[in-house]
Amino acid sequence: MSFEVPTDLEKEIDERITHYPVSKRSAVLPVLHALQHHFGFLSEEAVEWTAAKLELEPIKVLEVVTFYPGFRQEAPGKYHIRVCRTLSCAMAGSYELMENICDKTGIDRSGVTHHNPIAVSPDGRFSIEFAECLASCGTGPVCLVEDDFHEAVSDVDSLLSQYP
Amino acid sequence: MSSVIYKEGREPHPREHRVVFKNVDREGWDPSMERYVSEGGYDQLKKALTLKPGEVTDEVKKAGLRGRGGAGFPAGVKWGFIPPTNEKPVYLICNADESEPGTFKDRYIIHQDPHQLIEGMAISCFAVGAKLAYIYIREEFPEGAAILETAIEEAHKKGFLGKDIQGSGFDLEIYVHRGAGAYICGEETGLIESLEGKRPYPRIKPPYFPAAMGLYLCPTIVNNVETLCHVKHIMEIGSEAWSQTGKPNNTGTRILCVSGDVKKPGYYEVQVGHVTMGELINDICGGLKDGRELKAVIPGGSSAKVLRAGETFKIGRGDDEKEISIWDIPMDFDSLAACGSMAGSGGVIVIDDSRSISWVLNNINNFYAHESCGQCTPCREGSLWMKKITDRVVAGKASPSDIDTLDSVARNIDGRTICAFGEASSWPTESFIDKFRDELVADTNPELEGVVVNAETFTASANL
Ligand SMILES: Cc1cc2nc3c(=O)[nH]c(=O)nc-3n(C[C@H](O)[C@H](O)[C@H](O)COP(=O)(O)O)c2cc1C
Ligand code: SF4
Ligand code: FES
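Same order as they appear, the protein sequences are chains P and Z. To convert, note that position 11 of the first sequence is 11 in the working numbering; the numbers rise steadily by one, no gaps. To convert, note that position 331 of the second sequence is 1331 in the working numbering; the numbers rise steadily by one, no gaps.
Derived by calculation from the structure, the hints in this document are not laboratory data. Beta carbons: idealized from backbone N, C-alpha and C, even for Gly. What you were told as hints is all true, and nothing was included just to trick you.
Reference listing, derived: stretches of chain P covered by chain Z, where coverage requires no fewer than 3 residues with Cβ under 8 angstroms from a Cβ of chain Z:
#: 1; segment: 30 to 37
#: 2; segment: 68 to 76
#: 3; segment: 134 to 144
If you want the footprint, here are the derived chain Z segments under chain P, 3+ residues with CB under 8 angstroms:
#: 4; segment: 1136 to 1147
#: 5; segment: 1247 to 1261
Given only the sequences and the hints, what does the whole structure look like? Please build it.
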């Protein structure tokens, strides 16, 4: 797969970099967000591209990618789901929610580890992982599907049907 | 105020005193600039700009505003730590990382009333002399980040941001910076490292107190969203009137976020110290679920030490000293500290008698094991060991002496680390053992004493 950053995206990225007049390095997170949003994950090429763009050694970008749970190095499904697993949501049934979603989508989480937290459905439509407290503990269980926030999720079928 | 009508079913409880949350769930309210200025929005910024920066700081000091992000440190005092001889640029950062488990208040300010925050920030920037400010918002608030960017754009168009604001000669740019899913970015020095484009490894204090050596090693003020919003209201009614709400040394209102085993979880803005734990749970939150009894409360976000139903607490000093039950604890900074816990982030997690204490502690330990940044050995190793031991307890694979090991691991973390995450991660375990040792031990198996347990037999239940 060739790695090409579309002109529009590069323009958007260049504009973001201007938000950091003191140090271009500060733009590492926003540049990575823009690339992950477009490509779905951060490939080696994305890391190198970011490093070149911000005039950094690639390791300075890679160490950021590998630290933050919000960055992925492998392709997720078409729709990526993050289920909150922290206390208030767990009390409200978030582990059951995770199980239900996995049942309905055929996702097998048995291979999930700390370093590879994401599991993808066989048809590639969904991927899933647990997230820590999403700051909506009063309306658990909560999850994010892509950028959409869902509270008090009880009906998994109607949740999934919104994402064809 | 009396003309404010709220959406049906979302009306504030009569015990509430809405200031920062005045417009949250309000009928006919929206996050636009037009709506905000239609009720005097940005008037307080205009007013501040006619004062001297030091006068604004003095007002905030006099009001006694204590930080709403976790530590409860007085905001005006913090602002005063910028070295008077400073010649470097000063920065202000709004901490919108909102990641302490049990806390969900900044989200609603950002989503429903973004201009309140921007006005509060602009006034604060003027006071501390910052011309460049960032809102560090957690990545999991994508919609919030977009709303803030729109609001910033609107404020620019109206001349409330940018160059020479309202002809005052004061320049200010605010940018939104999104995190990437790490709790430690809420810790102010970790946040600063993250904003510099690095791993969010907290810095050692001293010398790296942000007000002296923060972003790009320049003086930097970091304040929570709710704290910065209050600054606008202090400007509006004056420190005198503002500090009449709440109680001495615990002034103002604050938003309590209640979750867990109550009938009506939610966010409630109350005068600090004017409601007790019992009133909060029983009156405001509709009480516990039917047939249930209170077991424990974590009163200030998951890092706060747990309080057990049935224990007694000594509060007050000298002649005022009295012994009270959990129900009578006034919800303020000093009282919760006197009870051996903290008001923290305002996140109150209620646990009833249907819950297993081992399970609750294990869930919390999983959080800290996942979120330790890994710089300090006691925290990196200890948080993982605590998780592994409680994984075993939950799986029925622990021996009674494992609880002693758990205790010793926890007590070897706090006080021995770079940042307060060390305390945050060990306090739950320490306090759960102090108060619920019997229950934890009851979940262990004496026959396993001295037996080596194969990892595979219990990690199946681990919370990955
Ligand atoms: C581990 C850790 C996590 C924290 N997370 C947050 C957070 O999510 N939001 C926040 O405002 N403060 C958080 N804080 C507190 C900040 O370090 C800092 O004290 C606060 O933002 C200062 O603002 P305030 O004085 O207005 O409360 C955290 C502290 C620690 C030690
Ligand atoms: S205490 Fe924990 S989170 Fe804080 S710096 Fe040390 S390892 Fe990192
Ligand atoms: S515990 Fe799930 S949102 Fe806080």
